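As given, the protein sequences belong to chains H and A, one line each in that order. FYI, the numbering for the first sequence is 1 to 351, going by the numbering used here. FYI, the numbering for the second sequence is 1 to 514, going by the numbering used here.
Everything labelled a hint here was simulated from the structure, so no lab data went into it. Since we're looking at a predicted model, the values are computed, not measured. Do not take every clue at face value.
Stated by the list, open to error - Heads up, simulated DSS-like pairs for lysine-lysine below, C-alpha to C-alpha not over 25 Å straight-line:
id: 1; chain 1: A; residue 1: Lys32; chain 2: A; residue 2: Lys59
id: 2; chain 1: H; residue 1: Lys214; chain 2: A; residue 2: Lys59
id: 3; chain 1: H; residue 1: Lys214; chain 2: A; residue 2: Lys386
Unchecked claim - Far from chain A by the CB rule (all over 10 Å, computed), these chain H residues:
id: 4; residue: Ile57
id: 5; residue: Trp117
id: 6; residue: Phe129
id: 7; residue: Leu162
id: 8; residue: Gly182
id: 9; residue: Ile196
id: 10; residue: Ala205
id: 11; residue: Ile210
id: 12; residue: Tyr222
id: 13; residue: Asn227
id: 14; residue: Thr244
id: 15; residue: Ser266
id: 16; residue: Thr296
id: 17; residue: Leu337
What the hints assert, rightly or not - A short, non-exhaustive set of chain A residues, derived as facing chain H with CB atoms under 8 Å:
id: 18; residue: Ile339
id: 19; residue: Ile343
id: 20; residue: Ala372
Glycine included, C-beta positions come from ideal geometry on N, C-alpha and C.
Listed below, chain by chain, are the residues.
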Amino acid sequence: MSVTNTTEKTTSPGSAKRKFDLVNLILEGRAFFALIVIIAVFSFLSPHYFTLANFLIMASHVAIYGLLAIGMLLVILNGGIDLSVGSTLGLCGVVAGYFMKGATLNYFGVILYPPVWAVVVITLTLGAFIGAVNGVLIAYLKVPAFVATLGVLYCARGFALLMTNGLTFNNLSGDPALGNTGFDWLGFNRLFNVPIGVLVLATLAILCGIMLSKSAFGRWLYASGGNERAADLSGVPVKRVKITVYVLSGICAAIAGLVLSSQLTSAGPTAGTTYELTAIAAVVIGGAALTGGRGTIGGTMLGAFVIGFLSDGLVIIGVSSYWQTVFTGAVIVLAVLLNSIQYGSRGAKKS
Amino acid sequence: MSMAAKDTRADGEVVLAARNIAKSYGSVHALKGVNFEVHRGQVTTLFGENGAGKSTLMKILSGVVQPTSGEIILDGQPVSFASSTDARNRGISIIHQELSLAPNMNVRDNIFMGREIMTSAGVDFAEEERQTRALMEELEENIDPLTLVEDLRLGQQQIVEIARALSINSRILIMDEPTSALSATEVEVLFKVIRDLKAKGVSIVYISHHLEEALQITNHAVVLRDGNMTAFAERKDIDLEWIVRNMVGENFDLGAPPTGYAFGDVALSVENLCVPAAGGAGYNVVDNMSLTVRAGEVVCIYGLMGAGRTEMLETIAGRLSASSGRILFKGRDVSRLSIADRINQGLVLVPEDRQRDGLVQTMTVGRNLSLASIGAFVKGFFTSKKAEQAIIDQSIRKVHIKTDGGGAPIGSLSGGNQQKVVIGKMLATEPDVILLDEPSRGIDIGAKSEVFKLLAERARTGLAVVYSTSEVGECLSIAHRIIVMRRGKISAEFTSDTTKEKIMAASGESVVAH
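Using the sequences plus the hints, can you model the full thing?
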């Protein structure tokens, strides 16, 4: 029994409220303000920073983290975590590279060169499969998300290393004679002068935003992340939602893997190592709560750009990459600190 | 109000007294000037329904919360407790309803948790073990100090809690529903311990819903109702009927069963339902239960904590699965359907704990209201804002929620209005059968009667309503039929012209031998 529940909350009128709103506004829009500060500071420090060409290059770097962060956001909204995305990215890139270089079928004694679209389909299916493994482990076999995806992280990385024997597939641009050219289109080419990878990110972000705000699935996701028991009793298929978010996260990682190996026109088995942490950081900086139920795609994209623009900015002004790591860490801690202030103050207001 | 005559014997002397204690939470008055005395070496039992203020009073006496006004007198001196630690240092300990032991640690470490006996070489485990052994001997319990708490039966865990309280030389021990989870034999052991403690001069404050049981052990009875103390007497002057009368009060109108229409077909029929206890405890919490509810009928399920009400309702709704038996909804077996399918068919549950099972705290009032009927406003892939708002507005109007338009965070509503949101959410799915598990828990009397009025209105239009309660006053409100559950079985069935005394007698635990 809790007597406090019956107290009507009174909204404090007047200036106190306005002041609170200002604090709230800064808290809510912190990723946005942080991004503006980062752009302003680096533009001041380097003449090369504030140019369209540089922004486009930086954006194509952000695209990789951003793609992972979209999938990560879905998982985190569900109250879970997906540590396997970096490895999934690596494995999917390697598998794409393997097929581009020709899949040898010993039994038939032929080498298959599937067209690029088929390679893309195979890769995305693999990403979805890895996500499904995560989802089934977590939703049905009740393995904690952290442990399940940690295990898959190791397995996926191991398979990537096994497939290549630790080496890298180079020169994936294909051969006109074999009809499998065009792989570099995804990462290397530009449409209206914008890197394709950035367009892929924008498209996925918009689709994901629509899904979150408009579809029944989006509502199910927010509800089951906010209170799984209540969602379950309200008829939300919580297990299906859980598996779906991990599958979507796996697909996002596979897309990121394709874009990255296309950007580099090579696929290495160690690509994407620790990228999962960057993706988590982007989601958290974007204001999502790791406990689930709170977060937006807009915030996550801002979070990804904050991290990307910060680290590229540090490169441009010539700060050592060791310091970049320190700065990124500080930004993440600051973001989580602000998160707990934001949601903590809400909790305090309630009681 | 006549206070009990002051006992001047050494055993029976007032050691702790509350004078005009009041406690308000915002505009809600949980306690309104309560007087209360604890006598040395005797048991004082607090009776009262849920929400009467028992727990608040206990929290004040044990220093967990501070009273808004009034004073606490310990050994004749006015005192104020800064914290529960402060109260404990003065000899007052509380054993909460939910045990506060660490199951992963052993008995010894639990008893000395937070006040380990230290030597220069670290914790003196040998000495702690020796003292624990001595305590267990004193309590005549054969519990090894090195046993993990999770390996102990619930009753033994309770003993460990008591041992912990004794190990800090508590003179006053507050026990909040100590028997609710115990078996009859374990209750006997506990009562023996209480008698031993009394003989040693320890004063006990006892809270229990098991009235007959409490009457066996108590020396004094204090009854609270709506934050007031309504009666105070010595054991020899009272009986069960006296307690019930003072607990429930006479004029307590929560409406009457809706009349003037005929019931429809059988909407819900439960046949020989068995539900095993959680964690493989080896017995059935719902034991071979059968129940039939017709369209338009209101059925109340009364029972004490642990009688199996929640488990039965959750099984019917699909959250738990039965080990045997059938659940027929409008003649079709739904035992294998998911919760979502049962909701779609028209069988819904309003869960007991709205914070844990009812509401999504991260969403607005409106989105909580529409959560169970998303299918009704999805057009193709997209949700329709207009159709959703229509459902929300209709729900707010129909269940009388005090909010503007549904955009407010759910946490900004009062408990009563939050409860209406949970009920409104399930009613929005247009069900044929609604199960409500303690729909009145933690809401005030005004909201309570509104909720019941609402359900009675819906029953008139053919909705079958099944609600559970642990407040006997609520049985005699809108229910056509009252079913009393006891240890997973139906122990009695009454029509609406029964009395509170009969219902309580049917629910009570079997009399424990002295």
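Evaluation of the provided hints:
{"no.": "1", "hint": "Lys32(A) with Lys59(A)", "result": "holds (15 Å)"}
{"no.": "2", "hint": "Lys214(H) with Lys59(A)", "result": "violated (47 Å)"}
{"no.": "3", "hint": "Lys214(H) with Lys386(A)", "result": "holds (12 Å)"}
{"no.": "4", "hint": "Ile57", "result": "holds (36 Å)"}
{"no.": "5", "hint": "Trp117", "result": "holds (25 Å)"}
{"no.": "6", "hint": "Phe129", "result": "holds (24 Å)"}
{"no.": "7", "hint": "Leu162", "result": "holds (40 Å)"}
{"no.": "8", "hint": "Gly182", "result": "holds (31 Å)"}
{"no.": "9", "hint": "Ile196", "result": "holds (26 Å)"}
{"no.": "10", "hint": "Ala205", "result": "holds (18 Å)"}
{"no.": "11", "hint": "Ile210", "result": "violated (8 Å)"}
{"no.": "12", "hint": "Tyr222", "result": "violated (6 Å)"}
{"no.": "13", "hint": "Asn227", "result": "violated (4 Å)"}
{"no.": "14", "hint": "Thr244", "result": "holds (14 Å)"}
{"no.": "15", "hint": "Ser266", "result": "holds (38 Å)"}
{"no.": "16", "hint": "Thr296", "result": "holds (12 Å)"}
{"no.": "17", "hint": "Leu337", "result": "holds (20 Å)"}
{"no.": "18", "hint": "Ile339", "result": "holds (6 Å)"}
{"no.": "19", "hint": "Ile343", "result": "holds (4 Å)"}
{"no.": "20", "hint": "Ala372", "result": "holds (4 Å)"}
The structure fails hints 2, 11, 12, 13 (numbered hints given earlier, in ascending order).
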